[in-house]
Amino acid sequence: MSISGGKTISGAVQALTFSRRATIIGGLQVGIGVLLAGRMAYISVAENERYQLLSESNRVNLTLVPPRRGWLIDRNGKPIANNKTDFRVDLIPDRMRDKEKTVATLAQLLSLDQEEIDRIDKELTQASSFQPVQVATGLDWEKFAAVSVRLPDLPGVSPRQGFSRFYPTGAAVGHLVGYVGIASAEDYKENPDPILVTPGYKIGKDGLEKTFEDRLQGKPGAKRVEVTARGKIVRELDSRPDVPGKALQLTLDVDLQEYAARRLGPESGSVVVMDCETGDILTMTSMPSFDPNSFSDGIGQTEYGMLRDDDHVPLRDKSLKGLFPPGSTIKPMVSLALLRAGIDPEETVSCPGGLRVGNRFFNCHSTHGSVNMKRANAQSCDTYFYKMALRIGYDAIALMARELGLGAKYDLPVASQSYGTVPDTQWIKKRHDREWANFDTVNSAIGQGYFLSNPLQLCVMAARMASGRKLEAKLLFEQDRPAATPLDISPEHLSYVREAMSEVVNGAGTARRARLPLEDIKLGGKTGTAQVVSLKYGRGGRDVPWKFRDHGLFVCFAPVENPRYAASVVIQHGGGSSSAYPVARDVMTFLYDREQAMEKLIALEESWNGTISERMDRQLAAYRAQKELEKAIAEGRIPPPQTEANGEGSAAEVGQ
Amino acid sequence: MASFGFVVLYSAAGGSLTPWAGLHMIRFLVFLGMAIVFSRLKENFWKTIAFPVYITVVIMLLGVELMGAVRGGSQRWLSLGFIRIQPSELMKPAIILAVARFYDLLPAGQIRTWGAIWPLLILLAFPCALILLQPDLGTTITVVAGAMTVAFLAGLPMRLFIGGAAAVAVIAPLAFFFALEEYQQRRVTTFLNPENDPLGAGYHISQSKIAIGSGGIFGKGFLNGTQSHLDYLPEGHTDFVFATMAEEWGLMGGVAVLTGFFLLFRWGLGVAMKAKTRFSQLAAAGLTTTIFFYVAINLMMVMGLAPVVGIPLPFLSHGGSSMMTIMICIGILMAIDRHPGRRSGTFG
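As given, the protein sequences belong to chains A and B, one line each in that order.
In terms of the working numbering, the first sequence is numbered consecutively and its last residue is 656.
In terms of the working numbering, the second sequence is numbered consecutively and its last residue is 348.
For reference, chain B alone in the conformation it holds in the complex (with noise of 0.2 angstroms):
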C-alpha cells in the first residue's frame, strides 16, 4: 500500500523521487521499523502506559498552545528541536488507548451506570478543547468519533448513543454558526454547493472531482495526469492525492486502494475479535476505527462528500505526523495480534 503512495507521489513530483517519493518511502520504512519494535511489545506494556501516554500527548498539546509555530493559519505543530511533531496526531492512538483503559478497569457491573460516562467526558474534554483551540476540527471529529467508537464497543448503553446523534443533528446548526471559524463555515457552505464558487473556495472540490472524473475506468495513464501535473488540483501529494492517483489509475486504481483499505479494517477487526482481553479487544477495534475514519473522511471529501477537513489518506499521503499515526496503531494492532493475551490474563 505504501509502495503505491510512493508510485503515485513520484508522479506527483513530475516523475521525480524529491521532494516527495523518496522521503515518503523513507519514513515509511522508519515508522514500520517502529511499528515492529511496538509490535514486539506485550499488551501488559500498552496498558501500563495508556494513561502516561495519555497524560504526555494532553501536556504536549498545552505545549503547542503555549509556543506553537504559527503554520498554515492554526497552531498545530511542536518544535522540540531536532523533529517537529504535530501532537493532535499522536492523541488520536492515544485517546484510543486510554479508553479502552478505562473501560478495562471500570468493572462490568457499573457500564450501563452514570460512572461509565463522566471519565470518558473529562476524558475527552481536555484534548477536544486544546485540539479545537487550534483550531483543527477535523482531527476532533476523529478523536471523538474514536473515543465513541471504543465506548459503544465497550457496551454503553444504545439509547445514549441514538440519544447523541440526536444531540448533534440539533447542534449541529447551532455550532456551525456559533462555534466554527469563518474559514470552516466557508468550507462547509461550499461543500453544499461547491460550483458557486469555482474559483474560490469551491476550487479543491471541483478540481478534485475533475481529477477523479475525468480518470474514467482505466485513468489517464501513469505520469499522465493533467490535473496534478499543471497544479491544477491542489495539494495533489497530500490531501488529494486519492485524487492524483485517481486520475492516473482511473477507476480501477482507486478500487483497488479501497481493496487494499478493506483489507487492512477486516485484519485490524479480526484482531479485536480475536483478542482474548478486553483491553485489547477495545483497543484493537478503536484503533481500526481511526484509520477508518481518516480513510473514509478522506475520500468522502475527495469525491465532494464532505467538506474540505485537513484529513489525509494514511499510507498514500506524503506527511509525517499522520504517517507517525498510523504506524503506531498498526505497531499496536500488530502487538495485540502477536500477544492476544490469555483469558486468565484478566485475572492474574
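Isolated chain A (complex conformation) (with noise of 0.2 angstroms):
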C-alpha cells in the first residue's frame, strides 16, 4: 500500500505538473497565435500597397505595340516608303517546348524554305531567351488563321498582325532611302528600351532611314493584358494607340526616279535629275541596287550572297559614292575658266590627232582639223583642251570646277558621300610630294588623271552652268525655297557654253542621237567617255571584258534657253558616252511626255527580258541554282564539271 501510497502522491503531484505544464503550452499557442495574427496584420495592412503593386506587376503584362513609322513621301505627295498591314509569326524561344517539333510543323503550314529553317534554327540557337525570333512576315491571311488556329499545340508561336514597311518602288529608292532592320544587339546596349526587342519593330538602318530615325520613328502604343504565371494572356484590360512617326517629304519624282532606274537597265550606273531653279534632287537613282523590301523584311542569306558578289556592286551607291573621272564632261567647265582667263572663243587650236607635251604625245581620239571653242565643246577635241589649258595653267580650271561644286561635299541627310578630287598644284604637294607637271595639266584638262567625281557632283555641275546660280543640292522638299546666289561667273561666257552644249546634241557634236524627241525643247548636254585602263589596251569599247571597258558619261540640261532640269548619267564601264545620253535622253524626255518615254522603256524592257525585280528574281534563282550546284559538288554529290580537256580524258576512260 506504500508504494500504491505513494504512486497515489506522486500520481498527485504528476496531475499537478501536468495541468501546469499544460497551461505553458496552451500559453505557448496563444503566443504564436498572437504572433502570427500579428504577422499577417503587418503584411496585410502595413505592407498592403507595396505587396498590392507587386500583385499588379505579377498579373497585368504591358505589351509594347510597335509605332507605325512616319512615311516617305516624294514632292508630289506619292509614297516612297509606306507601311502595309502585314501578318507575321514569331517564337518566343523560353515559351516553346519541342523546338524541334514547333519548327517542323510552322514549316509546314507556312511552307518555308530549307533556307528559312535553317536561319531560324540559327537564330533560335543564337537568340537570347526573351528575344523573339521571326519567322515569317507578310503572311497571306489564310496561312495567318492557320498557324492561329493551331496556337494551344505550338507554345511559343506568338502569331500577329502588325505593319511592316513597304517601299512601292522596290530596288528603285534602295540606295538613297535605305531600308529598316531588326535591331542589333549593339543596338538594345546602347539603349535598352524593351521596344527594340519587341516583334515587329524595326529601326532604320540605312540610308534615310537611319538619317531620320528620330523622326520617322513614332511612339510606340501599349496594351496591358492580364497573363498568368505562364505567359498565357487572359484578357486585354485596356491599349494605348501608338503615335505614328512624322512624314518626311522629299525633293524626288519618285516616278521619275523609278523610271530612270528602269532605264538604266542591266548596266551599272547612276542617274541624277535635278531642279534648275530650287536645286532640289528630283532623281538620284544607283542601279543596280537591292531591294529595300528584301532587306526590311530580314534578307535571306543566298540573296545577300548574290549582291556582295555581283561584279556591279549593287550595294554601292554609285551616285554618291562612286568616283568616276568625269572625263571629257568637265570640258564645257574648263570652256568657262578659258573664257573667265580670256581665251578668244573664236581662237582656233588645230588638230593633228593629239598633241606632244614634253617627251610625251598626248592623243586625241579623233583628227579635228582646226577648232574653236564650240567646236571643241561639240566635237570634244581634247588636243584643243590640252593646248588651251597649258596655256591658262591648271589653278584656274580648278577655281572654276570647285565654283560649279566640283570636289565638294554637299549637305545633305546622307550617312556618308564620296566627294572625289579636283587635283591642282597645291594639292599634287601635298598628296604626292612632287611639283605640278604639263602632263598632270593635260590629263586634268579632259577630266583623267587624278580628277574624280561622284555623279552627283557632274549633276550640280551641269544645274549649275544651265542656272547660273550657285544651286545647292537638296533632298528634303521646301515650298518657296529662296531663289540661289548667282555665280561669279559672266552670264555671257555661261551662254555660250550652254550654245556650245546645245551644238553637242542639237548640232554636229557627238550626242546628236541624244536629241530629245519633242518639238520645241532641246537638250544641252556634253558626253564624256572615261579611260578605265591606259590605251595600250586598246580603247575600252564593248569589244573588251566588262571591266576593262570605259566608263560611259553624259551630262546634260534642258530646255537650252531656259534651263529647268539638270541631269547626269553615268553608266560604269559602258564602253564609251554612246551608253549614257540615250538613257540621259529618255528620263529627260520621261519629264516632259511620259507616254512617250515609257513607250520606249516597254520596247526596251522586252529585250533586256523584264522589269527590274524580274530580274533580280531570275538572277537570284540562278544564283540560287549555282549555289547550290557548287555545294553538291562540295559534298560529293554529283561529279565536278570537266573542263574541256579533261572532259575528253574522262569521256575516254568511260569508254574504257
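In case anyone wonders, no lab produced these hints; they're calculated from the structure.
Among these hints, one or two may not hold up.
As the list claims (entries may be wrong) - Residues from chain A shown here face chain B by an in silico Cβ test under 7 angstroms; the list is partial: (1) Gln14; (2) Gly26; (3) Arg39; (4) Met40; (5) Glu47; (6) Gln52; (7) Ser55.
No residue lacks a Cβ here, since even glycine has one placed at the ideal position from N, Cα and C.
Given two chains presented individually in distinct reference frames, assemble the corresponding complex, making use of the accompanying hints.
Right under this line is the structure:
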C-alpha cells in the first residue's frame, strides 16, 4: 500500500505538473497565435500597398505595340516608303517546349524553304530567351489563320498583326532611302528600351531611314493584358494607341526615279536629275540596286550573297559613293575657265590627232583639224583643251571646277558621300609631294588623271552652268525655297557654253542621238568617256571584258533656252558615252512626255527580258541554283563539271 | 472550418467543384464519419491498441522504404492497391498514443529517472530514422515535437528540455551543413533571404507574401484572387491555401481562421484538462499539440516566418493523408471527451 500510496501522491503531483505544463503549452500556443495574427496584419495592412503593387505587376503584362513609321513621300505626295498591314509569326524561345517539332510544324504550315528553316534554327540557338525570332512576315490571311488556330499545340509561337515597311518602287529607291531592320544586340546595349526587342519593331539601318530615324520612328503604343504565370494572355485590360512617326517629304519625283532606275536596265550606273531653279534632287538612282523590301523583311543569306558577289556592286550607291574620272564632261567647265582667263572663243587650235607635251604624245580620239571653242566642245576635241589649259595653267581650271561644285561634299542628310578630287598644284604637293607638271594639266584638262567626281557632283555642275546660280543639292522638300545666289561668272560666258553644249546634241556634235524626240524642247549636254585602263590595251569599247571597258558619261540640261532640269548619267564600264546619253535623253523626255518615254522603256525592257524585279528574281534563282550546284559538288553528290581537256579524258575512261 | 476550406478550394479551382473542392468535401465527410466512429470507442481501446498501432505504422514506414512509389523527389507513399496512404502522417497520432501509453505505464516515481527517457528515445528513434530517410524533415520535426510535448507534460525534469533546447541550438547549424539534403539547405537559405532569388527557390515565399499582402484588410473578394487564379501562387490549393484564402478574404478571413483554430485548441486542451486518466490527459494534449504544429508551421511558412516545408493547413488544404491524420486526432479527442474516464479507472 505504501508503494501504492506513494504512487497516489506521485500521481497527484503528476496531475499538478500536467495542468501546470499544459497551461504553459496553452500559453505558448496563444503566443504563437498572436504572433501569426500580428504578422498577418503587418503584411496585409502595413505593407499592403507594396504587395498590391507587386501583385499587379505580376498580373498585368505591358505589351508594346510598335509604332507605324512615318511615311517617306515624294515632292508630289506619292509614297516612297509606307506601311502595309502585315501578318507575321514570331517565336518566343523561352516559351517553346519542343523546338524541333514546333519549327517543323510551322515550316509545313507556312511552306518555308530549307534556307529559312536553317536561319530560324540558327537564330533560335543564338537569341537570348526573351528575344523574339522572326519566322515569317508578309503572310496572307490563310496561312496566318492556319497558324493561329493551332496555337494551343504550338507554345512559344506568336502570330501578330502589325505593320511592315513597304517601298512601292522597290530597288529604284534602295540606296537613297536605305532600309529598316530588327535592332541589333549592340543597338539594344546602347539603348535598352524594351521596344527594341518587341517583335515587329524595326529601326532605320541605312540611308534616309537611318538619318531620320528619330523623326520617322513614332511613339510605341501599349497594351495592358492580364497574363498567367506561364505567360498565357487571359484578357486585354486597356490599350494606348501608337503615335505614328512624322512623314518626311523628299524633293524626289518618285515616278521619275523609278523610270530612271528602269531605264538604266542591265547596266551598272547612276542617273541624277536636279531642278535648275531650286536645286531639288528629282532623281538620284543607282543601279543595280537591292530591294529594300527584302532587306526590311530580313534578307536571306543567298540573296545577300548574290548582292555581295555581284561585280556590278548593287550594295554601293554609285550616285554618291561611286567615283569616276569625269572625262570630257568637264570640258564646258574648262571652257568657262578659259573664257574667264580671256581666251577668245573664236581662236582656233589645229588638232592633228594629239599633242606632244615634253617627250610624251597625248592622243586625241580623232583628228579634228582646226577647232574653235564651240567646235572643241561639240566634237570633244582633246587637243584644244590640252593646249588651252597649258596656256592658262591648271589652278584657274580647278578654281572654276570648285565654283561649279566639283570636289565638294554637299550638305545632304545621307550617311556618307565620296567627294572625289579636283587636283591642282597645292593638292599634288600635299598628296604626292611633287611639283605639278604639264602632263598633269593635260590629263586633268580632259577629266582624267587624278580628277575624280561622283555623279551627283556632275549633275550639280551641269545645273549650275545651266542656271548660272550657285545651286545647292537638296533632298528635303521645302516650299518657297529662296533663290540661290548667282555665280561669279559672266552671263555671256555661260550662255556661250550653253550654246556649245546645245551644239553637242543639236548640232554637229558627239551626241546627236541624244536629241529629244520633242518638237519644242532642246537638250544641251556634254559627253564623256573615261578611260579605265591605259590606252595600250586598246580603246575600252564593247569588245573588251566588262571591267576594262570605258565609263560612259553624259551631263545635260533642258530646255537649252531657259534651263529647267539638269541631269548627269554615268554608266560604269559602259564602253563609252554612247551608253550614257540615250538614258539621259529618255529620262529628260519623261519629264515632258511620259507616254512617249514609257513606250520606249517598255520596248527596251522586252529586249532585256523583263522589269527590274523580274530580272532580279531570275538572277537570284540562277545564283541559288549555282550555289546549290557548288554545294553539291563540294559534298561530292555530283561529279564536278569537266574542263574541256579533262572532259575528253574522262569520256575516254568511261569508254574503256 | 472544413466548409470554409471547401469554399476556398472552390475558388482556387477557378469557381469550380473540380478538381479540389468537391473531393475535399467528400473526404471531409468520410473522415468525419470515421472520427464519429472513433469517438464511440472507449479509452481502454485506445490504450490497448497504442503500441500495436505504433508497431504497425513503423512496419508501414519500412514498407515505404522498400517499395514506396517515387513521388516529388522523396518516397512517402505506400500503395495498397485500392488506396495510397502516407504512413508518416499516421505516425503523428501513433507516436502520441504510444508515448502517452508509455508514460501511463511508467510508475510515477520513476518519472525523474533515466528509465523515463531511454524508452522514449527508442520509441522516437525508429520512426524518425525512417521518415528522415524518405527524406521528410517537416514530418520528422512534427513527430519529435509531438512526442516531446507529451514527455514534457508527463513531467520529465524541466532542465532536460532547457538542456535539449540548448543542444539543438548547437547541433542545428552542424546539421544544416552535414545532415540536410541540398534542396532542404536551399529552402532554409531561401527562407532567410527570399528576395535574393525571387524567380527561383524564393518564389514560393515571395508569391505567398504578395498574395497575403495584396489582400489587405477585406481581401479582393471571393473568386477575385489574381495570384492564385493566374497561377502565380504555387500550391495554392495545398500548402499555400492560406495565402489563397487571405488574398480573397483579407485580414478578416485570416483572423477568422486563426480564431477557429484557437477555439479548436482551447477545446482540445480543455478535453485534456478534464480528462481523468493519465493516458487520456497526455493523449488529448499531445494530439491537440500535433494539430497545433500543423497550423503553426504552415502559417509561419506561408507568412515567411519559417522555411518552406511541405506541411498542409488542417481543414483547409486539399490532401487526403493530412486530413485523415487530423480527423483521427479529432476522433480520439472526441472519444476522450465522451469518456473522460474515472479516476478509479487507473486502479481498476
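Should the interface hint for Ser55 of chain A be scored as holding, given a Cβ-Cβ cut-off of 7 angstroms against chain B?
holds, 4 angstroms
With a cut-off of 7 angstroms on the beta carbons, see whether Gln52 of chain A makes it to chain B.
holds, 4 angstroms
Hint validation: Gln14 of chain A versus chain B, beta carbon distance must be below 7 angstroms. Holds or violated?
holds, 5 angstroms
Closer than 7 angstroms between Cβ atoms is the bar; does Arg39 of chain A clear it against chain B? Give me holds or violated.
holds, 5 angstroms
Can you verify the interface hint for Glu47 of chain A: is its Cβ closer than 7 angstroms to any Cβ in chain B?
Where the cut-off is 7 angstroms and the nearest Cβ of chain B is about 5 angstroms from Glu47 of chain A, the hint holds.
So, as I understand it, the hint says Met40 of chain A touches chain B; can you test that by seeing if any CB pair is closer than 7 angstroms?
holds, 5 angstroms
Once the shortest beta carbon distance from Gly26 of chain A to chain B is found, is it less than 7 angstroms?
This hint holds: Gly26 of chain A lies near chain B, its Cβ roughly 5 angstroms from the closest one there, short of 7 angstroms.
In the structure shown, no violation is registered for any of the earlier numbered hints.
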